[in-house]
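So you can see what is in the structure, the chains are spelled out below.
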Amino acid sequence: MVEPVLRIAGLCKSFGNLIATDDLHLDIGQGEIHAIIGPNGAGKTTLIAQLSGELRSDRGQVSFAGRDITRLSVPARSALGLARSFQITSIFPNFTALDNVALAVQAHAGHSFRFWRPAHLDPALRQPAAEVLERIGLDSRAHEQAANLSHGEQRQLEIAMALATRPSLLLLDEPTAGMGREESAQMVTLLQSLKGRLTIVLIEHDMDAVFALADQITVLVYGRAIATGRPHEIRASAAVRAAYLGTENADA
Amino acid sequence: MDPLLLLEQAFNGMQFGVMLFLIASGLTLVFGIMDMVNLAHGSLVMIGAYLATTLVAWTDSFLLGMILAIPATFAVGALVEIIALRTLYRRNHLDQVLATFGLILFFNEIVRIVWGPISLYSGLPDYLSGQVEIIPGAPYPMFRLVIIAVGLLVAAAIYVIVAHTRLGMLIRAGASNNEMVGALGVNIKSLFTLVFALGAVFAGLAGMMLGPLTSVEPGMGEPLLILAFVVIIIGGIGSIRGAFIAAIVVGMVDTVGRVFLPGLLRVFVSDAAADTAGPALASMLIYILMAAILVVRPRGLFPAKTG
Amino acid sequence: MNRRQLWLSLITLGMFALVPPLTEIIDQPFYVDMMARVMILAIAAVSLDVILGYGGMVSFGHAAYMGIGAYSVGILSYYGIDNGFIQFPLAMAASAFIGLAFGAMSLRTSGVYFIMITLAFAQMLYFLGISLEEFGGDDGMSSMRSEFAGAIDLNSPIQFYYLVFAVLAMVLFMMHRLVKSRFGMVLQAARSNEKRLQAVGFPTYRYKLVAFTIAGTICGLAGALFANLNEFVSPDVMHWTHSGEIMVMVIMGGIGTLIGPVLGATAFLLLEEYLPEWMELLMTNAGEHWAIVMGPILIAIVLFGRGGIHALFARKGSGHG
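Residue numbers (the working numbering), protein chains in the order written: chain A, 1 to 252; chain B, 1001 to 1307; chain C, 2001 to 2321.
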């Protein structure tokens, strides 16, 4: 097997008595979409926060492209090519959609201690931003204030901002959260178009989306990975069925 | 260094410390539970002092006046919360700062109109104005000892309330998780009013006891308010234990520093330089302490909120 | 900035430019000094708004930097250095340094903590000023007007007025460029969603710190002018109520805009000047209690006055957010 892009080794995190990540080991290969599923409270969002650098891990190690990033800050990880989206839409509501993306471009276009030239007129920021918006299908809404976009559009904008940082690894925290059936399908198509070019860690509740996208699936229960495998293996696993899939189907 | 002087200053520091604790305790709870900045807390110190002075004069009894001033301050606190502050909880911090800044202007002016702009001085009854020998050869003012005793008593009472009662449980829950308290089916509104009014009583109590020591005048609470902020920053927002420890530390450091720092500096630099730098450094001491603690612990010594 | 905001800014500045000739006509030279004071506080308020309105940092100790600027001029003057070419750069350097130091410590925290810490640091300087007997302690000290040999004579009220005017105009223009620049975008984004800003790759702390330092520097410049205006420096300039007043000016005028704080400073100082007189008209001796009206006005502005005076004239600025 080739060297994994992201290697998670013995990662732990607890909040008081609550264990959110429990000795987690996971290797994620180049270009793969790795879905992480599990019941609510399984520690999925905590894991994303640990991977993106927002939360310090209690123990364990995260390496990215062969480099130990366990103690790096959020911006430092972003600089290495790690981008994330948020479960609860996190955008700059009083900027336009284009401004949002341009800001993400700006973050990776040298330092921003530039005080004089208007950022709005800077083709080095606007053009790549416009391209990303077009790729994601938001170009017609580029000049709308982000706060006025529909929920689905804001979710798309989330992804656009992450893409604009030119990441090699994308951490997506429930990209289809709160979306209708049609919007979800669009999001799946969008993510499919990224397949192969990027490595993606995907947290998702929508099982249709997961099975349509994932190359590998890890099932997380109480912070522990109870199973990892290809989609058909996970579907077939009795343990997974018992722990998770059954209840999920009952919910749906 | 004269050990007797040091002892006396330590007592002064203690007395200042418990005074700061009385003010900071209510403030830190309001910050912690309601996530609310309240600059007008210093006004409650002032109102407590004025009410006590007036009631003592009316009843012609020091003790009775002081005791009556407590429910009066409670009522003022509750009124202020219901009329003014309640609308501010959901506002951002900036709005809270400005609106309570406006309240300070208002209160100071009300006091000026009702009691006049001139400072009031309230005397002490005979049984409180004497000196006690804490240890032979070291006389100490009786009233300051009473302040220390009352301060420690209140601190103990607050500790018992917070640690061992249902109200305290709600307060602790509120300091770390607001929604949880709502989920417990408690009437948040009256809980907030109660906590605020209790905080007002403690602040008022500080003002009442301050009256006979200094003068009672408009704006007297604000310098203390900022010191209470320093106490809360050091102790950690929402933490009673932190407020107590920080208040004593700040009280001690400030009092002892002012007395001994110039002398201490003379050991290192010339007398003239020490006389100039001493008072300057002493006045900055607690802020330097605060900055030092912040560098090590940005959320104070005992942060109540996590995350 | 949309057209209306541009016009509002130009008209406001134009009116300030016309004050000296107008006071000449109505023969009320007093107003020149008064409006110079307004403009100096406007500079301070604009600098505060850069971090408060654009950057979302509720700094409650901004008057401290005014104090640093004022004391720099005063202390240099005390030691016989009246040269403005030395005084002004030093005043700005000193306030930049203090801003950097205080900012570095305060910005490690946020929310209520940040407010209290900035207030406490400012209070520390206030007490320092009081304890410096050499420089007048709490009585303050008088200071000469700065000398700009061969350039401008600050002892002439008109020349001083236009110097302040030029500084205000320059600060407004520079800050206008700044808030639109790459740096400005980061600053504004930090206000609305700092977590997101870090996630896309910005180390936010250092950007906020630079903004905080810039604001302190400009406020120090205002302080240097303030010392010149009063020919006097005292710890009162650093008193926490003064910080509060500068903040009120920002809110009154329109937070998150550049011309707003200028309008706010004007309104605040005019109210402070005339409110007592108006109250006196209603009731004898009521004037001395003007604060009893000022307090509730403040609360009302906070509760109901979204956008301040600026919002009365300009449409909701979409560019500023």
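One or more of the hints may lead you astray.
A partial selection of chain A residues facing chain C, derived with a Cβ cut-off under 8 Å [stated by the list, open to error]:
| hint | residue |
| --- | --- |
| 1 | Thr70 |
| 2 | Ser73 |
| 3 | Val74 |
| 4 | Ala107 |
| 5 | Phe113 |
| 6 | Ala119 |
Hints in this document: simulated from the structure, not taken from any laboratory.
Ideal placement from N, C-alpha and C gives every residue a C-beta, glycine not left out.
Hint check: 8 Å Cβ-Cβ cutoff, Ala119 of chain A to chain C | 5 Å, holds
Should the hint that Thr70 of chain A touches chain C count as held when the rule is a Cβ pair under 8 Å?
-> 17 Å, violated
At a threshold of 8 Å, is the proposed contact between Val74 of chain A and chain C supported by beta-carbon distances?
-> Holds. Min distance 4 Å.
Report holds or violated for the interface hint on Ala107 of chain A, using the least CB-CB distance to chain C and a cut-off of 8 Å.
-> 4 Å, holds
Could you check if Phe113 of chain A really has its C-beta closer than 8 Å to a C-beta on chain C?
-> It holds, given that the least Cβ distance between Phe113 of chain A and chain C is near 6 Å, below 8 Å.
Ser73 of chain A as an interface hint toward chain C, with CB separation required under 8 Å | Check passed: Cβ of Ser73 of chain A comes within 7 Å of chain C, closer than 8 Å.
When each numbered hint is compared with the structure, a violation occurs for hint 1 only.
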